[in-house]
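**Student:** Letter by letter, the chains look like this.
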Amino acid sequence: MTLAYSTAELQAILAPVAVRGVTSVVITGIAALKDAGPGELSFLGNPKYKPEVASSRASLVLLPADYVGEPSPGQVFFLVENPSASLASLCARLEQTLWPRPAAGSHPSAVIDPAARIDPSACIGPLCVIEAHAVIGPRSIIGAQAFIGRGARIGADCWFMAGVHVATESLIGDRVRLHPGVVVGSDGFGYDSSTGKHLKIPQIGQVVIDDDVEVGANTTIDRARFSRTRIGSGTKIDNLVMIGHNVVIGRHCIICAQVGISGSATLEDYVVLGGQAGVAGHLTIGKGAKADGQTGINTTVAPGTFWKGSPCLPYQLEQRINVLRQRLPDLFRKVETLAADLAELKARD
Amino acid sequence: MTLAYSTAELQAILAPVAVRGVTSVVITGIAALKDAGPGELSFLGNPKYKPEVASSRASLVLLPADYVGEPSPGQVFFLVENPSASLASLCARLEQTLWPRPAAGSHPSAVIDPAARIDPSACIGPLCVIEAHAVIGPRSIIGAQAFIGRGARIGADCWFMAGVHVATESLIGDRVRLHPGVVVGSDGFGYDSSTGKHLKIPQIGQVVIDDDVEVGANTTIDRARFSRTRIGSGTKIDNLVMIGHNVVIGRHCIICAQVGISGSATLEDYVVLGGQAGVAGHLTIGKGAKADGQTGINTTVAPGTFWKGSPCLPYQLEQRINVLRQRLPDLFRKVETLAADLAELKARD
Amino acid sequence: MTLAYSTAELQAILAPVAVRGVTSVVITGIAALKDAGPGELSFLGNPKYKPEVASSRASLVLLPADYVGEPSPGQVFFLVENPSASLASLCARLEQTLWPRPAAGSHPSAVIDPAARIDPSACIGPLCVIEAHAVIGPRSIIGAQAFIGRGARIGADCWFMAGVHVATESLIGDRVRLHPGVVVGSDGFGYDSSTGKHLKIPQIGQVVIDDDVEVGANTTIDRARFSRTRIGSGTKIDNLVMIGHNVVIGRHCIICAQVGISGSATLEDYVVLGGQAGVAGHLTIGKGAKADGQTGINTTVAPGTFWKGSPCLPYQLEQRINVLRQRLPDLFRKVETLAADLAELKARD
Chain A
322 MTLAYSTAEL QAILAPVAVR GVTSVVITGI AALKDAGPGE LSFLGNPKYK PEVASSRASL
382 VLLPADYVGE PSPGQVFFLV ENPSASLASL CARLEQTLWP RPAAGSHPSA VIDPAARIDP
442 SACIGPLCVI EAHAVIGPRS IIGAQAFIGR GARIGADCWF MAGVHVATES LIGDRVRLHP
502 GVVVGSDGFG YDSSTGKHLK IPQIGQVVID DDVEVGANTT IDRARFSRTR IGSGTKIDNL
562 VMIGHNVVIG RHCIICAQVG ISGSATLEDY VVLGGQAGVA GHLTIGKGAK ADGQTGINTT
622 VAPGTFWKGS PCLPYQLEQR INVLRQRLPD LFRKVETLAA DLAELKARD
Chain B
322 MTLAYSTAEL QAILAPVAVR GVTSVVITGI AALKDAGPGE LSFLGNPKYK PEVASSRASL
382 VLLPADYVGE PSPGQVFFLV ENPSASLASL CARLEQTLWP RPAAGSHPSA VIDPAARIDP
442 SACIGPLCVI EAHAVIGPRS IIGAQAFIGR GARIGADCWF MAGVHVATES LIGDRVRLHP
502 GVVVGSDGFG YDSSTGKHLK IPQIGQVVID DDVEVGANTT IDRARFSRTR IGSGTKIDNL
562 VMIGHNVVIG RHCIICAQVG ISGSATLEDY VVLGGQAGVA GHLTIGKGAK ADGQTGINTT
622 VAPGTFWKGS PCLPYQLEQR INVLRQRLPD LFRKVETLAA DLAELKARD
Chain C
322 MTLAYSTAEL QAILAPVAVR GVTSVVITGI AALKDAGPGE LSFLGNPKYK PEVASSRASL
382 VLLPADYVGE PSPGQVFFLV ENPSASLASL CARLEQTLWP RPAAGSHPSA VIDPAARIDP
442 SACIGPLCVI EAHAVIGPRS IIGAQAFIGR GARIGADCWF MAGVHVATES LIGDRVRLHP
502 GVVVGSDGFG YDSSTGKHLK IPQIGQVVID DDVEVGANTT IDRARFSRTR IGSGTKIDNL
562 VMIGHNVVIG RHCIICAQVG ISGSATLEDY VVLGGQAGVA GHLTIGKGAK ADGQTGINTT
622 VAPGTFWKGS PCLPYQLEQR INVLRQRLPD LFRKVETLAA DLAELKARD
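Protein chains in written order, with my numbering: chain A, 322 to 670; chain B, 322 to 670; chain C, 322 to 670.
Excised from the complex, chain A in its bound form (with noise of 0.2 angstroms):
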């Protein structure tokens, strides 16, 4: 991040209730407080870290209001409301400069179809490809290479990076983050495989995604055989994941890096998986429920449950026979030592 701040620029910008310190120094990085140098930002965003605030190299830290102990030599305080949210208001002004909005309108080099409905407020990449009958909402941002297939409907504001390919008939909703290489509706993985060899099952459906889901690096999700593979509102899907046909995935769920989903699977609301896990077709996984990372889910899961290991068990009992599992070689002496205590008071008698 090509960052570069006065302390009078960050005042303009933060609005610190109070300053304490001053420092001639110019910010261009923001970092941990244990991590932090000259040069850098930090925040307690955490009141357990507060111990660290006083050997924090940073040439400027963020605190709250009520923080009492002063700055060091060449460092400066900013006293805010919430440093937290402070940070991330800083951050989000960040985040415009790395990727600043281009103008509205289609590059030249991008090949819309004539009839393709693009919003006058969207912003439509190089080399897009946009093919007939695709909708681009108000202010949505398609980056370079995309591909937008036909009938596609992109809702409004949505920030697509570059290289996405969202196949035909999608239907996405308001402020959805698609990053590179995410594949939205391809075809599910279906055969009829009666005879031996595999003849094709078209797959004619759609993919749905609701408002502010977020996909990210070379996510796919599968469109649906012939209804609907769904992704509810607010739904954050990590990187590598694979999400197969007429899976439906309820709202704000977390699903991280490498998951894979088989066809026809429900997650309920606030579902939350740990990479890697697996989940098999059609089942469901409750409101509220977890896995750890690389669980194997064979099993429909109760809402608001935990869940770990391949095959899936209960959190607490995989955790238990975990340990137990690395006393075998003691129990195997054990249960031999027994049969011998054993054969000799039998041969005693």
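No wet-lab data here; the hints were simulated from the structure.
Some clues are possibly wrong.
A pair holds if it fits inside one copy or across any two, identical chains being indistinguishable in the list.
Below 30 angstroms or equal to it, Euclidean Cα-Cα: the simulated DSSO-like pairs (lysine-lysine) are [stated by the list, open to error]: (1) Lys655 / Lys667; (2) Lys369 / Lys355; (3) Lys371 / Lys355; (4) Lys608 / Lys521; (5) Lys611 / Lys369; (6) Lys518 / Lys371; (7) Lys355 / Lys518; (8) Lys355 / Lys608; (9) Lys369 / Lys521; (10) Lys355 / Lys521.
Here the structure of chain A is known, so what remains is to put chains B and C in place on it, guided by the hints.
**Tutor:** Same frame as chain A, but now just chains B and C:
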């Protein structure tokens, strides 16, 4: 899917042997018997769902010619030879409306080397790159923004979706479907590490994909070190699969999502690998062998066998061990008790 | 590979210290001793394969200068200092015929911001997008349809295959190879979930890739929250790997396909991770430590150690437990028997 057919239109398309009932509803979707509502078509593909016909709210149901029963008011039954086949023919037709065949020829925005040989009946989408000496066969469709490298040869009637990457010298048969983001012919992962550093071993082999193969979104297939990485005819590969260099896959295999196959492994015909399974290098999986999801195959596998677990064991054994594993807390307790009892007994003697 | 060399041409290229035998066959392929047939070149790289030389059907064999033995009729032996080195030099030459170096300069179809700085000796492929303030170093090759974001800096002699995505402000060293579909600099997966909903934490850091790194097809490397995700020099990363935000990877590591490394993990130098292994966040893997395929690393790992299983254990212990695990049915039976015997013994008393 934007589907809208009147009953009369569907009757013309599907030519049922008999029609029962009448509806004026326009058919705008397809769904399973229990999910379908008014305006949707459903079907009885598997006799076990027969009881669901009577209560189905579908406006139109495809049924076998010998079906006994009458439709509800406002519902119509089409009696056909084979409901699944009728549905498939309808779906294939719908698929064509989702992805209408582009006109033959190359989009003017494509960058095509003059030394490429493209059949006049083939379709090259916008913003494709076709390098020198590449060959594209009759009626093949190369989607937008695809890359076909130097000397790659693509057969007849292939369908590559937008954004496919086929690297130099790859050899692809007829009727091959590649989904968005597929990479064919990336370098194998081979280094000479004898000095501690990792010296690149050039990967100068090929990928050969036989007829009727389908490869899912963002899957990668590495080129061989010298010779050929090969995918046999009729094999179907899901999304985000990794196929290492010099792998040889037989005919009619099913490779589910996120499977990884290490270098120089061989899969004979009709092998089935569940999602997220991993296969170690330089081993052979016999004809028709299967592995469950997340299986770790680290051993040569006999034909027709079924495997599970990581490292893998025969399926039944692994299932049995997983049941016993859950009883480990009991077993540990029981051995404790036995030891105490035995100690007491010994003390008594 | 379309390779066609006469023996005379190969003699000119490889300069053997001695030649035995003669063949008129044109060499059109390379294969291992036991796989090679007429028209193919083979080699004795590892002394353990010496017995395979006599029966090899290769038309030309590269052998060490001290090799004793005569070729079959129609077969030729080239005696060289170091057969592996000779083979490598031949392969490097062949690699250049597969991917001949494009002419310096930018393809007219590329969309290059006037504020990008491209060395005159660099090659920018067709339909690339190079954003403002991006820097491309001497002799670097940017393949077709690649995307180089705003302010990204690429060193000298890099080779990016078609379809690579390098996001804004990424910093890449010299001689870095990126394969198709690689994404460098996608957002890290970070949200403030304190309200139940998941509020995006802007990801405004960088990715820094040092010299001589290679990254496989469709791998994704996320940018840091504030600071740097870093890949050390000489590290090699396979296909479909996920590297989370703020991860720091040392020098000369080997990361096999489909590995996932969670946010803020640190890998010291010379770490080796087998395929599909997963690494939890915020932990350190010591110098030279290794993990087998599918390992789940959820703990800090000491230098030079070797791990296996999920959750991971030291390799030897995990192997031993896996053997005992297969004997669980016996153990349960044995404990049943002991219990019965003991009960009988107690009854007798």
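**Student:** It remains to establish, for every hint, whether it holds in the given structure.
**Tutor:** Each hint tested on the structure:
For the identical chains of this complex, lysine 655 and lysine 667 are neighbours both inside a copy (18 angstroms) and across copies (16 angstroms), given an alpha-carbon limit of 30 angstroms. For the homomeric pair lysine 369 and lysine 355, the shortest alpha-carbon distance inside one copy (13 angstroms) is at most 30 angstroms, but the shortest distance between copies (54 angstroms) is not. For the homomeric pair lysine 371 and lysine 355, the shortest alpha-carbon distance inside one copy (11 angstroms) is at most 30 angstroms, but the shortest distance between copies (58 angstroms) is not. Only between protomers do lysine 608 and lysine 521 lie at most 30 angstroms apart by alpha-carbon distance; the minimum there is 22 angstroms, versus 34 angstroms within a single protomer.
Within a single copy, lysine 611 and lysine 369 get their C-alpha atoms as close as 26 angstroms, which meets the 30 angstroms cut-off; across copies the closest is 34 angstroms, which misses it. Within a single copy, lysine 518 and lysine 371 get their C-alpha atoms only as close as 65 angstroms, which misses the 30 angstroms cut-off; across copies the closest is 27 angstroms, which meets it. Taking the closest pair of Cα atoms, lysine 355 and lysine 518 come within 30 angstroms of each other only across two copies (29 angstroms); inside a single copy the shortest separation is 61 angstroms, beyond that limit. For a Cα distance limit of 30 angstroms, the shortest separation of lysine 355 from lysine 608 across copies, 23 angstroms, qualifies, whereas the shortest one inside one copy, 38 angstroms, does not.
Within a single copy, lysine 369 and lysine 521 get their C-alpha atoms only as close as 57 angstroms, which misses the 30 angstroms cut-off; across copies the closest is 23 angstroms, which meets it. In this assembly of identical chains, lysine 355 and lysine 521 lie within 30 angstroms of each other by CA distance solely across copies; the values are 24 angstroms between and 57 angstroms within a copy.
Comparing the model with each numbered hint stated earlier shows that all of them hold.
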